[in-house]
Amino acid sequence: MSRKDLTGSAAGRDPNAPLLDVRDIKTHFRTERGTVRAVDGVSFTLQRGRTLGVVGESGSGKSVLSKSIMGLLPRRNVLREGQVLYEGLDVSVLDENQMRNIWGAEMSMVFQDPMTSLNPVMKIGKQIKESLYLHLNMSKDDAHDTAVALLSSVNIPEPEQRLEEYPHQLSGGMRQRVVIAIALACGPKLLFADEPTTALDVTVQAQILNLLQQQQHERHMAMILVTHDLGVVAGRTDDIAVMYAGRVVETAPTATLFTAMRHPYTEALMASIPKLTDPSHTRLEAIGGRPPDLINPPAGCKFAPRCKYAQDRCLQEDPPLMDAGEPGHSFRCFYPVGTDAGAQALANNAAAGRSASGVPVTLAASGSH
Amino acid sequence: MAFIWRKLLQLVIVLLCVTFFSFFMLTLLPGNLADTLCGIGCTQEQRDQKVEELRLNDPVYIRYADWLGNVARGDFGRSGRTQQDISEALTERIPVTAELVIYSQLLALGIAIPIAVVAARRAGGVFDRVSTTTAFGFLAAPPFVVAPVLVLIFAVNLKWFPATGYTPFLENPLDNLRTFFLPALTLALAEMAVYMRLLRTDLISTLQEDYITMAKAKGIPPKRILWKHAFRPSTFSLVTVAGLNMGRLIGGAFVVEVIFSLNGLGKYIVDGILGRDYLAVQAGVVVVAFAYVLINFGVDLLYAVLDPRIRHARALA
Numbered sequence: 001m002s003r004k005d006l007t008g009s010a011a012g013r014d015p016n017a018p019l020l021d022v023r024d025i026k027t028h029f030r031t032e033r034g035t036v037r038a039v040d041g042v043s044f045t046l047q048r049g050r051t052l053g054v055v056g057e058s059g060s061g062k063s064v065l066s067k068s069i070m071g072l073l074p075r076r077n078v079l080r081e082g083q084v085l086y087e088g089l090d091v092s093v094l095d096e097n098q099m100r101n102i103w104g105a106e107m108s109m110v111f112q113d114p115m116t117s118l119n120p121v122m123k124i125g126k127q128i129k130e131s132l133y134l135h136l137n138m139s140k141d142d143a144h145d146t147a148v149a150l151l152s153s154v155n156i157p158e159p160e161q162r163l164e165e166y167p168h169q170l171s172g173g174m175r176q177r178v179v180i181a182i183a184l185a186c187g188p189k190l191l192f193a194d195e196p197t198t199a200l201d202v203t204v205q206a207q208i209l210n211l212l213q214q215q216q217h218e219r220h221m222a223m224i225l226v227t228h229d230l231g232v233v234a235g236r237t238d239d240i241a242v243m244y245a246g247r248v249v250e251t252a253p254t255a256t257l258f259t260a261m262r263h264p265y266t267e268a269l270m271a272s273i274p275k276l277t278d279p280s281h282t283r284l285e286a287i288g289g290r291p292p293d294l295i296n297p298p299a300g301c302k303f304a305p306r307c308k309y310a311q312d313r314c315l316q317e318d319p320p321l322m323d324a325g326e327p328g329h330s331f332r333c334f335y336p337v338g339t340d341a342g343a344q345a346l347a348n349n350a351a352a353g354r355s356a357s358g359v360p361v362t363l364a365a366s367g368s369h
Numbered sequence: 370m371a372f373i374w375r376k377l378l379q380l381v382i383v384l385l386c387v388t389f390f391s392f393f394m395l396t397l398l399p400g401n402l403a404d405t406l407c408g409i410g411c412t413q414e415q416r417d418q419k420v421e422e423l424r425l426n427d428p429v430y431i432r433y434a435d436w437l438g439n440v441a442r443g444d445f446g447r448s449g450r451t452q453q454d455i456s457e458a459l460t461e462r463i464p465v466t467a468e469l470v471i472y473s474q475l476l477a478l479g480i481a482i483p484i485a486v487v488a489a490r491r492a493g494g495v496f497d498r499v500s501t502t503t504a505f506g507f508l509a510a511p512p513f514v515v516a517p518v519l520v521l522i523f524a525v526n527l528k529w530f531p532a533t534g535y536t537p538f539l540e541n542p543l544d545n546l547r548t549f550f551l552p553a554l555t556l557a558l559a560e561m562a563v564y565m566r567l568l569r570t571d572l573i574s575t576l577q578e579d580y581i582t583m584a585k586a587k588g589i590p591p592k593r594i595l596w597k598h599a600f601r602p603s604t605f606s607l608v609t610v611a612g613l614n615m616g617r618l619i620g621g622a623f624v625v626e627v628i629f630s631l632n633g634l635g636k637y638i639v640d641g642i643l644g645r646d647y648l649a650v651q652a653g654v655v656v657v658a659f660a661y662v663l664i665n666f667g668v669d670l671l672y673a674v675l676d677p678r679i680r681h682a683r684a685l686a
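Going down the list, the sequences are from chains A and B.
Here this note's numbering is used: the first residue of the first sequence is 1, the next is one more, and so on.
Here this note's numbering is used: the first residue of the second sequence is 370, the next is one more, and so on.
Since the hints were made in silico from the structure, they are not lab data.
It is possible that some hints are incorrect.
To be verified - With a straight-line Cα cutoff of 16 Å, these simulated EDC-like cross-link-like pairs (lysine to aspartate or glutamate) come out:
#1 B:K597 x B:D676
#2 B:K376 x B:D669
#3 A:K123 x B:D676
#4 B:K592 x A:E96
Said to hold, decoys possible - Over 12 Å on every C-beta distance to chain A, these chain B residues come out as not near it, computed from the model:
#5 I382
#6 D404
#7 D427
#8 Y430
#9 L437
#10 P512
#11 N545
#12 V563
#13 T570
Cβ coordinates follow ideal geometry from the N, Cα and C atoms, glycine included.
One chain only, chain B, in its complex shape (with noise of 0.2 Å):
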């Protein structure tokens, strides 16, 4: 109990901190809201009547209060730009970066872990090192450049799957999956080779403990000793790496979702940032605060049913 009672108080501070400095941080980018409502060809004088409209010549730390205080009260407020509820907005796009991101991170974890357990079985062997060359590969290539080449191969020439849409999971799980399928796979790629290599060098090093020796001597299969001996005390960073990824993704997938027409949460919050339409980017920020500190509470839970010894640990806390 006392563990999740010091989480939410991590949770409570995380955001007081991240969204206070993101407010903070869009009052020092030159230009304001005004600028973007008013738009070219408007007067000086309009544009003062809309920066008292918006009060954007009180102080940060009121402004901040204020918003605090409605976002308490669940109000996220209107987005300055396009006047469209911001709670409704979010709801609309955290599905779709919710299933971008666990849609790629099952792919690269789906791909990553037979290929580092074959690799590091046969550490230095030619599947380990054909694999970790290419796994690099992906790794330098940038998002911008994988999803137009992925496109071309799979939607432009093979027609697999398609380049652009969405359809939502519950109306069509399938066709759901196949619009998704590039993005993810894009997204995927640049994660595996890192997910590789982890693994990979963690079970090589579990390999060499006694306890594995100790299997072998008692006639253990090799395949049964990987999997069920070497496998779970192995995937400590890799749960780690993962889910700090996750947690980056959730806001950082803009790239992908632009190339792709997504409508996710990253490309709102950019656009915010971009028009200074602090409302909707305060919001974004609070998602993405949020989605992290929960991340990497599951990422804890997770390690206790890894390896008894935590669990054993936090019982006695």
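The following block holds chain A by itself, in its conformation from the complex (with noise of 0.2 Å):
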């Protein structure tokens, strides 16, 4: 039986799961100093055609999670368990020949720094006939147009020329449009955008975003949006799941998330944002401390030595993924945002100078939400 058999048919698929379901995804990387919980117990489920935010700071994990679903990580120092389901069938076991067949044609992702994700010595044209060859069979001419096509359906301008220059030839902005291009080549089912503008100017972030969100709409494609900013996944994504540690603290439908977030870092990544409505010069907030050391993480909650919430609780029980009462929303906190149980916890804190973990709390800190 050939790989095309095992993966590309329909076989193990079932048409009315959803598009991704993961369930429990851990990966681990053995290093020296220790094993890192890079993603530790992840679970989301995307249908088609939807979008999901997956938001976090560096070191969160979130650029790992995509890789790590997407099953493009080293197999070497690396423990992955848990479910990936696509379309019902769990792609977690497959191996890299049988994923072959996913990559690129059903699955696929762009990049984070286009300056580095093409090939500096293959032409731009070669770069996108390849998966159209190896995944679609289609022959020279059939291949040049659509590659042409491609290149000006994400607004690339004189696309026949494009196709014979290289990558330095061309300007970030218009290098990104190249890498999304050849990820669309083959028309994916799942798009994989990490961190897709981090590495562009400001003037360009939004055309990408942009060009993002009309390519999905168009093709009725699923894509998952990984980034550190808010600002980015606000009213472009279907969902978000804020990550912290490895893990999800916080998912729920985008507006909702916006208006009636529960985990403190949800509320501390908000307050982070810069706001047109606020006077020059107003001082953002940042979140106090680092990530925590994701080879030791902290007992109890992964936040709690940040958390101007914290409570001697926090920092010996581990909160579980808790539903927040509307559908889709769930939270990993015992003292959330908008609760008595959260408000009770920071005036506790604010009476007390500091959490239980240490951050210190004023009442100006408490009441500016």
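Put the two chains together into one complex, using the hints given.
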């Protein structure tokens, strides 16, 4: 039986299953210092054509998560657990030979830095056509026409000429468009965009995000948009998962998350977005401290050491994922924002001048929300 | 165009420097051509006469200028020892050395490249470690050890290849490749380890690049990723070092030339030095310097072929 039969056909697939169903996925790296728990039990589902935003600061495991779901991480010294059901088929158990029919054809990825993600010694045309030959068995002429169409669909002027050019002849924004064109080449059903605008000038960031959104709608493709910037996902995603220390600490439909966030970390992320309505020179709120060591994460809630709501319980007990009452909204916190328990915890800490983990809390800070 | 003019100017400067210094250094050696020609049992008078005849008492710069003038007219002169026309001697020896160098480099690259690619794919694996160790063994063994061993195995015991002899390529290409095999292999074994390590290391770092992960995410098979995506950007150090090696071997394959009694350029130069035959040495040095510059020019051109970024930077310059 050829590889195509195993994975390319409908075998093992369930048309009624969600496009992507990630169940308790864990990705641990064995290093000399110890095991880095980069992704530590993440679950979510993604329906066809929907967009999930994955938000978190550097080191939260968000980039590893997308590479791990796609199975792109090296096998050596990487421990991967959990299930990744793609159209009902568990792709986490497939080897690289089997995954190759899915990579590029059904799942593809837009990488963070277009300066390094295109091969510097290969013509752009060749880099696009490669997947067309491989997955779609196109003829030379068809591949050429498709490549031109792809480049113009990502708004690259004079696409015919661009095919003969090398990456260094294009600007960063143009290169990212090429990367997107390559990712879209074979009409994937699922697109991972791993911080697609982080390496770009602010002026082109919005263009690239709009382009991704537009392509996604046109192709009815699901997308996982990974970013450290809540501003990027606002208004562009259906749902958002906020990651911290390798885990989802809060997940909700986008509008709900922005209006009724429960987790103190989400609240702190929100507070660090500059707002147009603020007077100029308003000091942005930063989250004190740094993300926890993923080799020896703190006992209890991983965010407690930086949390102004933290109580003694937070330092001992790890909060499970709790239902917020609205559909699709859950979070990991004993003293959630916007509840009586949370308000009480904050008031206690303000009275004491510090949280249970030692974060200074003043009345002004507690009253700012 | 500007690029080629720059290279030509560089060639002239290199030739002037190299020939002047080799000329100068030969005069620093004890003894001179007159001693060689007179031999033992020669009277002081006969010797002085020879010195006068060869104008060995003139200052170095005058003799150098004379020589330079002659060379500019295309006259390398006659060997002081053998009275053979030097240009003639060079036309006999250059093909021998050129072939030895090219053959050995092709062998070295032909062995090193596939091994390096396989080793890089599983860096730290069994194949990687075994090949590295073996290659370093060959690197550590000097040619005067390797050559007799190869002769013993392949010429004396197995009788697959001849130990000595030389058939010109145009006369009988197959015979030529056979007679040249052992000397070329001797040189290749030493270079191979270096080429392997260079390419392996560069490949391993190239394989960490984002564009390789991207190629993987496109579903490109690993073999194609290695050869089509990673190989070309990883060959820069390899090309540089191979170029330098070829330049070095043109005058420096002396030991191998002697062992396999090949009348090559290296042997010619060393014989010349020993006999204080300065005209012969000078001619040899000119050829070596010329080849060096030419080969490095070729390497520069190759960079442009390998990397479009260099091509465009040059086109703009």
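Here is what the structure says about each hint:
1. A hinted pair counts as satisfied when its Cα atoms are at most 16 Å apart, and K597 of chain B with D676 of chain B qualifies at roughly 13 Å.
2. Our distance criterion of 16 Å between C-alpha atoms is met by K376 of chain B and D669 of chain B, whose separation comes to about 10 Å.
3. A C-alpha spacing of about 11 Å is found between K123 of chain A and D676 of chain B, which places the hinted pair at or below 16 Å, so the restraint holds.
4. Between K592 of chain B and E96 of chain A the CA atoms are separated by roughly 13 Å; this keeps the pair inside 16 Å, and the hint holds.
5. With a least beta-carbon separation of about 32 Å from chain A, I382 of chain B lies farther than 12 Å from that chain, consistent with its non-interface assignment.
6. Distance to chain A confirms D404 of chain B as a non-interface residue, since its nearest Cβ pair spans about 58 Å, more than 12 Å.
7. Under the 12 Å C-beta cut-off, the non-interface status given to D427 of chain B relative to chain A holds; the minimum distance is some 56 Å.
8. Even its closest Cβ contact with chain A, about 49 Å, leaves Y430 of chain B beyond 12 Å, as expected for a residue assigned away from the interface.
9. No beta-carbon of chain A is positioned within 12 Å of the beta-carbon of L437 of chain B; the least distance is around 44 Å.
10. Every CB of chain A is more than 12 Å from the CB of P512 of chain B (nearest about 36 Å), matching its label as outside the interface.
11. Distance to chain A confirms N545 of chain B as a non-interface residue, since its nearest Cβ pair spans about 36 Å, more than 12 Å.
12. The beta carbon of V563 of chain B sits about 23 Å from the closest Cβ of chain A, which is more than 12 Å, so the claim that it is off the interface holds.
13. Listed as outside the interface, T570 of chain B is consistent with that label: its C-beta sits roughly 18 Å from the nearest C-beta of chain A, beyond the 12 Å cut-off.
No hint from the list above goes unmet by this structure.
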